[in-house]
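Spelled out, the chains give:
Protein chains: 2
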Amino acid sequence: MPVNLPLPNPSELKPIAGFMLGIAEAGIKKPNRKDVLVMTFVPGTEVAGVFTQNRFCAAPVQVCISHLEAQTETKKIQAMVVNTGNANAGTGEEGLQNALKTCVALAADLQLEPLQILPFSTGVILEPLPLEKIIAAMPRAIANLAEQHWFAAAEAIMTTDTQPKAASLTLDTPQGQINMTGICKGAGMIHPNMATMLGFIATDAGFAPGLLQQLTREAADLSFNAITIDGDTSTNDSFIVVATGQVAPIIQNQDDPLYALVSEALITLAKQLAQMIVRDGEGATKFITITVQGGKTAQECRLVAKAVAHSPLVKTAFFASDPNLGRILAAIGYAGIVDLDVRQVQLWLGDIWVAKNGGRNPNYHEADGQAVMQAAEITVKIDLGRGSATQTIWTCDLSHDYVSINADYRS
Amino acid sequence: MPVNLPLPNPSELKPIAGFMLGIAEAGIKKPNRKDVLVMTFVPGTEVAGVFTQNRFCAAPVQVCISHLEAQTETKKIQAMVVNTGNANAGTGEEGLQNALKTCVALAADLQLEPLQILPFSTGVILEPLPLEKIIAAMPRAIANLAEQHWFAAAEAIMTTDTQPKAASLTLDTPQGQINMTGICKGAGMIHPNMATMLGFIATDAGFAPGLLQQLTREAADLSFNAITIDGDTSTNDSFIVVATGQVAPIIQNQDDPLYALVSEALITLAKQLAQMIVRDGEGATKFITITVQGGKTAQECRLVAKAVAHSPLVKTAFFASDPNLGRILAAIGYAGIVDLDVRQVQLWLGDIWVAKNGGRNPNYHEADGQAVMQAAEITVKIDLGRGSATQTIWTCDLSHDYVSINADYRS
Numbered sequence: 004m005p006v007n008l009p010l011p012n013p014s015e016l017k018p019i020a021g022f023m024l025g026i027a028e029a030g031i032k033k034p035n036r037k038d039v040l041v042m043t044f045v046p047g048t049e050v051a052g053v054f055t056q057n058r059f060c061a062a063p064v065q066v067c068i069s070h071l072e073a074q075t076e077t078k079k080i081q082a083m084v085v086n087t088g089n090a091n092a093g094t095g096e097e098g099l100q101n102a103l104k105t106c107v108a109l110a111a112d113l114q115l116e117p118l119q120i121l122p123f124s125t126g127v128i129l130e131p132l133p134l135e136k137i138i139a140a141m142p143r144a145i146a147n148l149a150e151q152h153w154f155a156a157a158e159a160i161m162t163t164d165t166q167p168k169a170a171s172l173t174l175d176t177p178q179g180q181i182n183m184t185g186i187c188k189g190a191g192m193i194h195p196n197m198a199t200m201l202g203f204i205a206t207d208a209g210f211a212p213g214l215l216q217q218l219t220r221e222a223a224d225l226s227f228n229a230i231t232i233d234g235d236t237s238t239n240d241s242f243i244v245v246a247t248g249q250v251a252p253i254i255q256n257q258d259d260p261l262y263a264l265v266s267e268a269l270i271t272l273a274k275q276l277a278q279m280i281v282r283d284g285e286g287a288t289k290f291i292t293i294t295v296q297g298g299k300t301a302q303e304c305r306l307v308a309k310a311v312a313h314s315p316l317v318k319t320a321f322f323a324s325d326p327n328l329g330r331i332l333a334a335i336g337y338a339g340i341v342d343l344d345v346r347q348v349q350l351w352l353g354d355i356w357v358a359k360n361g362g363r364n365p366n367y368h369e370a371d372g373q374a375v376m377q378a379a380e381i382t383v384k385i386d387l388g389r390g391s392a393t394q395t396i397w398t399c400d401l402s403h404d405y406v407s408i409n410a411d412y413r414s
Numbered sequence: 004m005p006v007n008l009p010l011p012n013p014s015e016l017k018p019i020a021g022f023m024l025g026i027a028e029a030g031i032k033k034p035n036r037k038d039v040l041v042m043t044f045v046p047g048t049e050v051a052g053v054f055t056q057n058r059f060c061a062a063p064v065q066v067c068i069s070h071l072e073a074q075t076e077t078k079k080i081q082a083m084v085v086n087t088g089n090a091n092a093g094t095g096e097e098g099l100q101n102a103l104k105t106c107v108a109l110a111a112d113l114q115l116e117p118l119q120i121l122p123f124s125t126g127v128i129l130e131p132l133p134l135e136k137i138i139a140a141m142p143r144a145i146a147n148l149a150e151q152h153w154f155a156a157a158e159a160i161m162t163t164d165t166q167p168k169a170a171s172l173t174l175d176t177p178q179g180q181i182n183m184t185g186i187c188k189g190a191g192m193i194h195p196n197m198a199t200m201l202g203f204i205a206t207d208a209g210f211a212p213g214l215l216q217q218l219t220r221e222a223a224d225l226s227f228n229a230i231t232i233d234g235d236t237s238t239n240d241s242f243i244v245v246a247t248g249q250v251a252p253i254i255q256n257q258d259d260p261l262y263a264l265v266s267e268a269l270i271t272l273a274k275q276l277a278q279m280i281v282r283d284g285e286g287a288t289k290f291i292t293i294t295v296q297g298g299k300t301a302q303e304c305r306l307v308a309k310a311v312a313h314s315p316l317v318k319t320a321f322f323a324s325d326p327n328l329g330r331i332l333a334a335i336g337y338a339g340i341v342d343l344d345v346r347q348v349q350l351w352l353g354d355i356w357v358a359k360n361g362g363r364n365p366n367y368h369e370a371d372g373q374a375v376m377q378a379a380e381i382t383v384k385i386d387l388g389r390g391s392a393t394q395t396i397w398t399c400d401l402s403h404d405y406v407s408i409n410a411d412y413r414s
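The listed protein sequences correspond, in order, to chains X and R.
Residues are numbered in our numbering as their position in the first sequence, beginning at 1, plus a constant of 3.
Residues are numbered in our numbering as their position in the second sequence, beginning at 1, plus a constant of 3.
Excised from the complex, chain X in its bound form (with noise of 0.2 Å):
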């Protein structure tokens, strides 16, 4: 039951010069479902990518990491692969080897080297890769590469998504028109600390060697890593930017005026992306955006509006549209800032100022807390009254249907 997530129209999804993609069927976990994503890059296209901060990191998280930094000029990364199904977490050294060998076999078909190849998994942790229907399905999703098939890669990495989640953005510069396209998937254990379960975005614009990491992890920052589904940061977050410099010129630094243009389309598309996955929150039925302003630093706002986000009983009251707003309150005061004076704490549910100076507003009603919470998409802003960083986080309610999801997601 997603929020207003309109289904990406495959027309709209702009093919990106210089990138393919191409899907199979492996059988991994299910069958009559395409779960492997091969994508390829032309020469000279810039990687970066940032990952999952847990300690659990998936094998190909390990691979990634490695990968990227053992890049040289002659010797870029020009594929990946992307199956789901099974996580390849947790699988220790046996888990490394695989995700190796799917980098081997890759590279032979594809005659590159084994270190010019990302693999990512999404699915089950603890549960050994089925490494030989992998490797039997790419030469068949290499048979599938094309420019145009970013709608049917954004339903091949799918897991408990209800939607595929795909959007592109055409830019007009002075140098021309600039294209990104992005997908990613994801709807529980989304807690993203660097970088999402998966997302990919490709542009067609090019940058300087290293330029393109600090974007990455900037956009990353001010998108995945700003939102919440469960509090559970996943042990494959991954968030990828493709620069295949197909148009326009290279941008070498931040000074470039082409920089300002194309590092703000880039965060503006990852933030639309980030919030399909909220969107799709397993069982969400609201759309939640938590603004605090106020703090002595943007850390103290974000562990504020994060311990909002993650209280079960907030997100209960949400999904029953219930105004229990006290709830809010509470995980403000337990948030963690040992010296939060109260007296300067105010709250308001949309426009309505519902505690004021840490108490309850004298001119709330409940009725008008009422109106706004029947709402699919609610804002709740909080002013800690201390100094002027602000934090936003995007997360979506507690429902029936996310103890039924994840009570039932491997029967």
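Worth flagging that the hints you see were computed from the coordinates, not collected in a lab.
Hints are not guaranteed to be accurate.
For identical chains, the list gives no copy identity; a pair is met inside one copy or between any two copies.
As the list claims (entries may be wrong) - With a Cα cut of at most 27 Å, we get these calculated BS3-like pairs of lysine-lysine: (1) Lys78 / Lys299; (2) Lys32 / Lys359; (3) Lys136 / Lys359; (4) Lys359 / Lys104; (5) Lys17 / Lys136; (6) Lys136 / Lys32.
Please build the complex by placing chain R on the supplied structure of chain X, with the hints as guidance.
Structure of chain R alone, referenced to chain X:
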């Protein structure tokens, strides 16, 4: 649907010499419901308490802390009053005045000073305390005072609890028989930080001033601070120990041989009461013990145990009796130990060794994990392989009923 939580037998709850309880109906939230409890104790009684660390701590908690600090040898705490149905939290300056007025009224009824009263409230946050109703009910509660009213008192402090929680313990010592009886309440917003929602233990043992406070803190850390239901730290958590000193000699210090006996018994009773709260956790169908060993510090063991205990994905897997144990590894990985070497991590479910050296144990068979998951009481043991510290946390699963209860709580 509490998990192995027998109804206390009123006749087995020992009266504590010098400690009386009286209940009354104030009609705070629901009609025909005992919702006010008054407790009084003889002069010379020692009282100690620990309270929530939530910055939005409720008005009565603020008054308790201040009255406990203001005690003198001649003007010690001699009575307590509890109301359910309203937490008097997030109520600002007016809430503080209402908590103080409760003390003034009870002090007048009992011919004490207001400073000798501790007030407690539990229920909905952000709503004004119905002061007049509570004050009107207090004389009826006083008229009801008796040493035998523990069971009725446990009933009177319930909110979403499905049954009253109470236990007694008798200790034979060389100085004679010592009795302890405790009651507590709480089923949601349970992640105590210093204490739980409301817990009261009384004993006829005696303690020198100061000694009881230290023991109360220690007992809270090993009991109420070691439980979590939903990770939401309440605004009203309070744990109070009252020692009337009516039997046996006053315990002067920790070297007194009686101290070891009495403190061990008190901690045992506190753990029993705290576990009752988990067994009656909102929607609970499983009682889960999480022991983390092999940590460098107890604090990091607690961090890992709490991450596992709070994960909605772990909790829904327990609800489903589904050994989807990779979710536990994911929670260990994001708990916050940045230098955790996952190759040293072991995981057991009951007696079944599931994850060995950070990966799936080759000898693990899912049928064995499945068998453990079916039970109503489940033990998870995690070895971090980096030290000798250990911590145990008790929690419950996350079920459809948790969502129902919290989506409907105010209606």
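Checked hints:
no. : hint            : verdict
1   : Lys78 / Lys299  : neither (45 Å within a copy, 42 Å between copies)
2   : Lys32 / Lys359  : between (53 Å within a copy, 24 Å between copies)
3   : Lys136 / Lys359 : between (60 Å within a copy, 26 Å between copies)
4   : Lys359 / Lys104 : between (60 Å within a copy, 23 Å between copies)
5   : Lys17 / Lys136  : neither (31 Å within a copy, 67 Å between copies)
6   : Lys136 / Lys32  : within (10 Å within a copy, 61 Å between copies)
Of the numbered hints listed earlier, those contradicted by the structure are 1, 5.
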